[in-house]
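All chains should be modelled from the sequences, with the hints used to inform the complete structure.
Protein sequence lines, in the order shown, are assigned to chains A and B.
Under the working numbering, residues 7 to 262 are what the first sequence spells out, in order.
Under the working numbering, residues 508 to 730 are what the second sequence spells out, in order.
In case anyone wonders, no lab produced these hints; they're calculated from the structure.
Quick caveat: nothing in here was measured; it's all calculated off a predicted structure.
Where is the CB? At the ideal position from N, CA and C, for every residue including glycine.
No false leads were slipped in.
Covered stretches of chain A, going by a simulated chain B footprint (3 or more residues, C-beta under 8 Å):
1. 123-132
2. 170-182
Label-pair restraints from in silico Cβ distances:
3. B:Glu589 / A:Ala207: 35 to 45 Å
4. B:Ala579 / A:Asp71: 28 to 38 Å
5. B:Pro713 / A:Ala211: 24 to 34 Å
6. B:Glu575 / A:Arg60: 46 to 56 Å
7. B:Pro710 / A:Arg141: 54 to 64 Å
8. A:Gly116 / B:Asp590: 15 to 25 Å
9. B:Arg592 / A:Arg46: 22 to 32 Å
10. B:Glu589 / A:Arg141: 17 to 27 Å
11. A:Glu209 / B:Pro713: 28 to 38 Å
12. A:Ala83 / B:Glu585: 18 to 28 Å
13. B:Ala712 / A:Asp186: 43 to 53 Å
14. A:Leu216 / B:Glu585: 35 to 45 Å
15. B:Ala579 / A:Ala79: 24 to 34 Å
16. A:Gly9 / B:Ala680: 47 to 57 Å
Chain residues, written in single-letter form:
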Amino acid sequence: MTGRLAGRVVLVTGAGSGIGRGVALAAADARASVALAVRRPEAAADVAAEIDRRGPTPALVAGCDLTSAGAAAAAVAATVERFGRLDAVVHSAASNSSSQPVELETADLGLWDEQRTIALDAAAELARAAHRHLRATRGAVLLMTSPAGIAGSDRLPFYAMAKGGQRGFVKALAHEWGPDGIRVNALAPLALSPALESAFAAEPALEPALTGRIALGRLGDAELDVAPAAVFLCSDDARYVTGQTLVVSGGRYTAL
Amino acid sequence: MSPSPPVIVVVGAQTHLGGRVAGCLAARGAAVVAVSGVEAGPGPLVTAIVEGAAGRRVAAVVHAEVDEALCAPRPLVETTAEDWRERCARPVASALWTANAAYTVLTGEGRGGTVGFVCPSVGLTGATGHVALASAAESVRLLAKSAARRWGRHRITVNAFAPPLAACLPGPATQTAEVNATAFPDVDAADEIAALVTTLVAPDAPHLTGATLGTDGGELMLP
Numbered sequence: 007m008t009g010r011l012a013g014r015v016v017l018v019t020g021a022g023s024g025i026g027r028g029v030a031l032a033a034a035d036a037r038a039s040v041a042l043a044v045r046r047p048e049a050a051a052d053v054a055a056e057i058d059r060r061g062p063t064p065a066l067v068a069g070c071d072l073t074s075a076g077a078a079a080a081a082v083a084a085t086v087e088r089f090g091r092l093d094a095v096v097h098s099a100a101s102n103s104s105s106q107p108v109e110l111e112t113a114d115l116g117l118w119d120e121q122r123t124i125a126l127d128a129a130a131e132l133a134r135a136a137h138r139h140l141r142a143t144r145g146a147v148l149l150m151t152s153p154a155g156i157a158g159s160d161r162l163p164f165y166a167m168a169k170g171g172q173r174g175f176v177k178a179l180a181h182e183w184g185p186d187g188i189r190v191n192a193l194a195p196l197a198l199s200p201a202l203e204s205a206f207a208a209e210p211a212l213e214p215a216l217t218g219r220i221a222l223g224r225l226g227d228a229e230l231d232v233a234p235a236a237v238f239l240c241s242d243d244a245r246y247v248t249g250q251t252l253v254v255s256g257g258r259y260t261a262l
Numbered sequence: 508m509s510p511s512p513p514v515i516v517v518v519g520a521q522t523h524l525g526g527r528v529a530g531c532l533a534a535r536g537a538a539v540v541a542v543s544g545v546e547a548g549p550g551p552l553v554t555a556i557v558e559g560a561a562g563r564r565v566a567a568v569v570h571a572e573v574d575e576a577l578c579a580p581r582p583l584v585e586t587t588a589e590d591w592r593e594r595c596a597r598p599v600a601s602a603l604w605t606a607n608a609a610y611t612v613l614t615g616e617g618r619g620g621t622v623g624f625v626c627p628s629v630g631l632t633g634a635t636g637h638v639a640l641a642s643a644a645e646s647v648r649l650l651a652k653s654a655a656r657r658w659g660r661h662r663i664t665v666n667a668f669a670p671p672l673a674a675c676l677p678g679p680a681t682q683t684a685e686v687n688a689t690a691f692p693d694v695d696a697a698d699e700i701a702a703l704v705t706t707l708v709a710p711d712a713p714h715l716t717g718a719t720l721g722t723d724g725g726e727l728m729l730p
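Following this line, the structure appears as structure tokens:
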């Protein structure tokens with residue numbers, strides 16, 4: 007990946023942990039300047055320190071509560087102010103409740119609103135704010151969706167809906183911004199994350215059941231297995247790829 | 508005397524497509540309860556369905572609320588936060604209320620049934636000016652899949668119907684040059700949906716669930 011994003015600026019939401027953290031580190035390894043949009047800046051301190059060590063420039067840590075109107079746009083503005091340009095926006099943040107099982111029939115629909123706010127409303131605000139900057143650099147938008155957004159989920163129906171909605175978002179925006187030279191894609195990873203660890207803690211039988219269905223026989227690593235695909239989609243190597251969902255699941259999901 | 512046909516509920520009959528689906532179902536001999544507007548949550552919707560059914564068994568609920576105004580294209584950069592909520596959040600809330608109401612009614616009667624959600628195919632393909640609608644359509648389609656996984660144990664099938672966007676709007680569809688043939692270019696998507704629903708409510712219906720059923724005459728042929 008060395009140099010694949012040299013001279014580029016990448017903004018990553020949800021960069022404090024999990025997939026977002028892995029993408030931020032991989033982008034720095036690919037020589038991008040990285041902005042970390044995180045709800046609690048202190049939670050991203052170790053990621054920022056690692057990027058300071060590995061990347062071409064110190065990371066920007068932007069406090070960004072995506073449930074607040076204007077927060078996403080402020081993160082974009084801070085990124086451009088610091089680095090002078092914007093080449094890619096990676097939206098990896100998810101609601102804190104995204105990994106909590108939901109009884110669809112009785113759940114408070116406020117739980118759906120929470121997930122939609124981060125997954126879709128914030129994606130729309132991020133994209134709107136980033137548009138003119140990405141048009142200037144012929145950049146990329148990348149949403150972290152999920153295989154659940156393809157297959158549905160009995161345990162996590164609201165999560166599946168949020169992630170499915172992101173796939174619709176990507177397809178439509180790819181058409182809309184193609185003439186501007188902006189590519190819009192989604193990545194559906196299967197990797198060990200804080201959310202998945204929580205799910206395993208709640209239901210221990212889930213981990214062996216899941217691992218047993220992965221063609222490669224193991225859960226992915228956010229930085230080593232998933233993030234390189236995200237870097238690819240943000241780079242010129244994916245210059246003719248838009249409107250797609252790239253499933254990075256070790257062969258767990260092959261039905262798309 | 509033959510038994511009265513089971514009731515098929517159409518939610519969103521005030522919209523162009525919803526009204527047409529209700530009409531096509533009635534033309535096919537179904538006992539249709541047309542519910543207009545979903546603004547107040549699942550409770551009032553259950554009441555409306557029960558009152559409309561008037562003691563008859565409800566066998567199917569179809570969410571066909573595709574507001575014509577939301578089908579007008581609008582670039583994302585011109586979409587305000589308020590527009591976004593109207594175009595993306597509200598349609599999904601309507602579908603969720605319908606899902607809850609359908610579950611309550613169908614499990615209450617204990618005989619299962621079928622639920623359908625109309626998800627314009629722009630969610631599958633994407634299109635300029637339709638980011639909010641595509642997001643909403645795909646959220647609802649994943650609602651259908653997730654509900655299907657949960658409700659099979661109650662003998663309830665749940666599917667998504669994917670009509671072309673043009674079918675959601677009054678007036679003739681704009682003809683554009685094809686680069687690949689549509690198998691049946693002149694099909695009526697509303698009647699296709701009605702035909703599928705009547706098939707899925709039949710006593711010997713297949714266990715078809717979690718599927719996305721193209722009602723476009725074979726235009727997309729997904730997956």
